[in-house]
Amino acid sequence: MIHFLLIPFFYSIQCSDENWLQKKCEPSCIFQQGTLDSNNLNLFPKNCSSICADLVIDADSNLTENELIPTFKNVKIIFGTIIISRTNLTSLKFLAGLESLECDDIASDPDLNNPKNGLKLYKNFEMTEIGMINWTNTSCSVQIEMYANFSNFNVPNLKNFNSSDPSKHEIYIQYDYFGIISQNYVCFSLEETSNFYGAENVVMSYQNQKYCDHLSSTVFGEKLCKIPENENIKNLEENCQRIFGILKIGPGDENFVYKLKNVTWIYGKLIIENTTLTSIDFLNNLEFVISFNEQCETSSLQFSHNKNLMEIRLPNLKRIFGILKIGPGDEKFVYKLKNVTWIYGQLIVENTNLTSINFLNNLGFVISFDNYWKRSSLQILQNKNLMEIKLPNLKKVLGGYNPFVITGNNGNFANFSKICSEIRHVLYKAPSNVPYVDRQTCEAIQKKNMERVQILEILKVFRNR
1 MIHFLLIPFF
11 YSIQCSDENW
21 LQKKCEPSCI
31 FQQGTLDSNN
41 LNLFPKNCSS
51 ICADLVIDAD
61 SNLTENELIP
71 TFKNVKIIFG
81 TIIISRTNLT
91 SLKFLAGLES
101 LECDDIASDP
111 DLNNPKNGLK
121 LYKNFEMTEI
131 GMINWTNTSC
141 SVQIEMYANF
151 SNFNVPNLKN
161 FNSSDPSKHE
171 IYIQYDYFGI
181 ISQNYVCFSL
191 EETSNFYGAE
201 NVVMSYQNQK
211 YCDHLSSTVF
221 GEKLCKIPEN
231 ENIKNLEENC
241 QRIFGILKIG
251 PGDENFVYKL
261 KNVTWIYGKL
271 IIENTTLTSI
281 DFLNNLEFVI
291 SFNEQCETSS
301 LQFSHNKNLM
311 EIRLPNLKRI
321 FGILKIGPGD
331 EKFVYKLKNV
341 TWIYGQLIVE
351 NTNLTSINFL
361 NNLGFVISFD
371 NYWKRSSLQI
381 LQNKNLMEIK
391 LPNLKKVLGG
401 YNPFVITGNN
411 GNFANFSKIC
421 SEIRHVLYKA
431 PSNVPYVDRQ
441 TCEAIQKKNM
451 ERVQILEILK
461 VFRNR
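For the sequence shown, position 307 (counting from the first letter as 1) is numbered 307 according to my numbering, and the numbering increases by one without interruption.
To be clear, the hints were calculated from the coordinates, so they are not data collected in a lab.
The structure displayed is predicted, hence computed values, not measured ones.
Among the clues, some could well be false.
Under the rule of at most 30 Å between Cα atoms (straight-line distance), these lysine-lysine pairs were calculated in the DSBU-like manner [said to hold, decoys possible]:
(1) K259 / K223
(2) K261 / K248
(3) K307 / K336
(4) K332 / K390
(5) K248 / K259
(6) K46 / K24
(7) K223 / K336
(8) K318 / K248
(9) K210 / K325
(10) K23 / K159
(11) K418 / K395
(12) K24 / K93
(13) K234 / K159
(14) K460 / K390
(15) K338 / K318
(16) K384 / K248
(17) K159 / K395
(18) K223 / K307
(19) K210 / K234
(20) K460 / K447
(21) K384 / K395
(22) K259 / K226
(23) K325 / K338
(24) K123 / K46
(25) K332 / K307
(26) K318 / K259
(27) K76 / K46
(28) K336 / K261
(29) K73 / K46
(30) K447 / K338
(31) K234 / K123
(32) K23 / K76
(33) K210 / K46
(34) K332 / K318
(35) K159 / K307
(36) K259 / K210
(37) K223 / K123
(38) K259 / K336
Turn these sequences into a full structure, and let the hints guide you.
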């Protein structure tokens, strides 16, 4: 029973730049030894609130939690990296006072198989949680291997993911499960969910997980309304700002949708089905709908069989979790995606009459780790009138052997090497098969077009003789 967070089996130590460390700390607050053990524990700068170090604590360190707690009790900021491996530690509560972990100015590589720096925990079989309750700021990617005892993160205040280096923007967190049954899924608190998924620059995978029990009636001071199973909107309290559970709106509920006007977050699902609504114009403040433990089997936001529905307004919706399908008859609703920046799951545009995909100007990421070797995250299929695809801010597409597939559209589409090149130009370090157009790479399309031009030139020469 093993959980993995971020990249398994990547354990090389990435040292911070020495000059960078010297700029950040006084000489007396730099721990040069790297590996902390019982022999050099007395050299650790215990009286410094800010230290510079590439810390390693491992099986050879021979240190207990009781020894580590007084060692780190004054430390609030660490400039560098932390690697903890093969220990018997149950948590990182000895770092409970740590407020900030800052990595050096070397930009993190968006390739999730090659993170350059951060917090790395692996082969700590007794660990149950992170437990750094005051950790608030980081500019580092996080890499944690979790085993059967690991139950929750317990980093409720980690919310600022910033860097002074503008080239180092995204912070990557990916986790995968191997042989885990549902009761062993790691749980996220509502605060952690809000902080991680609400951050503009945190890239997280979407895997089976669950919410931790939440006893408070608020989240960050906003009113939380919990939806009991099989409850509908009629009995929902008014002035809810966040909703926990599956909220269903069905026949006869049309007069109660005003209760959702202040809702910004839904931790669960929103299903609007078989109503007589003509407009969904009561979700103007909704930004996030986050549904765990579904493996993208159903969308977290569902509108179906509303025969009178003419418009959908979601002006502030930023992230979508699940499978988003655009099919025949959906063309007039694509405008609702204009503000979407992230899709955790899949986006499928299939069998439409669209001539242009120009409604995803803000889309930056389509991430689907749970089907990494199975289904493509971004699919544009069988749209016979499609002449152009504009994705000016797309940075990363992850999921499937071919993450971005364009197939069976306008007959001449495979000849449009310019469109293919424009898509590749905005993507960051994309593999050669992204996008994959009618089973061809952009390079192959460009090569065929050049060969075609050469043949036409040769034919032209023969005709003129």
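Going down the list of hints, with the structure as the test:
1. Under the criterion of a C-alpha separation no larger than 30 Å, the hint pairing K259 with K223 is consistent with the structure, at around 13 Å.
2. With a CA separation close to 16 Å, the supplied pair K261 and K248 stays within the 30 Å bound.
3. A distance of roughly 18 Å separates the Cα atoms of K307 and K336; the hinted pair therefore holds under the 30 Å criterion.
4. At roughly 18 Å between alpha-carbon atoms, K332 and K390 fall within 30 Å of each other, so this suggested pair holds.
5. Note on K248 and K259: the hinted pairing holds, with a Cα-Cα distance of about 13 Å set against a maximum of 30 Å.
6. Under the criterion of a C-alpha separation no larger than 30 Å, the hint pairing K46 with K24 is consistent with the structure, at around 17 Å.
7. Under the criterion of a C-alpha separation no larger than 30 Å, the hint pairing K223 with K336 is consistent with the structure, at around 27 Å.
8. For the suggested pair K318 and K248, the alpha carbons sit about 21 Å apart, so the restraint of at most 30 Å is met.
9. The hinted pair formed by K210 and K325 meets the criterion: a straight-line CA distance of about 25 Å does not exceed 30 Å.
10. Of the pairs offered as hints, the one joining K23 and K159 holds, with about 25 Å between alpha carbons and a cut-off of 30 Å not exceeded.
11. About 18 Å separates the Cα atoms of K418 and K395, which keeps this hinted pair within 30 Å; it holds.
12. For a cut-off of 30 Å, the pair hint linking K24 to K93 stands: about 25 Å separates their Cα positions.
13. With a CA separation close to 35 Å, the supplied pair K234 and K159 exceeds the 30 Å bound.
14. Distance restraint check for K460 and K390: the Cα-Cα separation of roughly 35 Å exceeds the 30 Å cut-off, and the hinted pair is therefore not satisfied.
15. For the hint pairing K338 with K318, the CA-to-CA distance comes to about 9 Å; that is within 30 Å, so the pair holds.
16. Proximity of K384 to K248 is assessed by CA-CA distance (about 36 Å); at most 30 Å being required, the pair is judged violated.
17. For the suggested pair K159 and K395, the alpha carbons sit about 23 Å apart, so the restraint of at most 30 Å is met.
18. As the CA atoms of K223 and K307 are separated by approximately 33 Å, the hinted pair breaks the 30 Å bound.
19. Straight-line distance between C-alpha atoms of K210 and K234 comes to about 27 Å, which keeps the hinted pair within the 30 Å bound.
20. At roughly 20 Å between alpha-carbon atoms, K460 and K447 fall within 30 Å of each other, so this suggested pair holds.
21. A C-alpha spacing of about 26 Å is found between K384 and K395, which places the hinted pair at or below 30 Å, so the restraint holds.
22. This hinted pair checks out: K259 and K226 have alpha carbons roughly 14 Å apart, not beyond 30 Å.
23. Of the pairs offered as hints, the one joining K325 and K338 holds, with about 15 Å between alpha carbons and a cut-off of 30 Å not exceeded.
24. Among the hinted pairs, K123 with K46 is consistent with the structure: their alpha-carbon atoms are about 27 Å apart, no more than 30 Å.
25. With a CA separation close to 15 Å, the supplied pair K332 and K307 stays within the 30 Å bound.
26. Straight-line distance between C-alpha atoms of K318 and K259 comes to about 21 Å, which keeps the hinted pair within the 30 Å bound.
27. The straight-line distance between the Cα atoms of K76 and K46 is roughly 11 Å, inside the 30 Å bound, and the hint therefore holds.
28. This hinted pair checks out: K336 and K261 have alpha carbons roughly 17 Å apart, not beyond 30 Å.
29. With a CA separation close to 8 Å, the supplied pair K73 and K46 stays within the 30 Å bound.
30. About 34 Å separates the Cα atoms of K447 and K338, which puts this hinted pair outside 30 Å; it is violated.
31. A hinted pair counts as satisfied when its Cα atoms are at most 30 Å apart, and K234 with K123 does not qualify at roughly 50 Å.
32. The straight-line distance between the Cα atoms of K23 and K76 is roughly 17 Å, inside the 30 Å bound, and the hint therefore holds.
33. Under the criterion of a C-alpha separation no larger than 30 Å, the hint pairing K210 with K46 is inconsistent with the structure, at around 38 Å.
34. Simply put, K332 and K318 have alpha-carbon atoms about 20 Å apart, close enough for the 30 Å limit, and the pair holds.
35. For the hint pairing K159 with K307, the CA-to-CA distance comes to about 42 Å; that exceeds 30 Å, so the pair is violated.
36. For the proposed pair K259 and K210, the alpha carbon gap of about 26 Å is at most 30 Å, so the pair holds.
37. A threshold of 30 Å between alpha carbons decides the hint, and for K223 with K123 the separation of about 40 Å lies outside it, so the pair is violated.
38. For the suggested pair K259 and K336, the alpha carbons sit about 21 Å apart, so the restraint of at most 30 Å is met.
Checked against the numbered hints listed earlier, the structure breaks hints 13, 14, 16, 18, 30, 31, 33, 35, 37; every other hint is satisfied.
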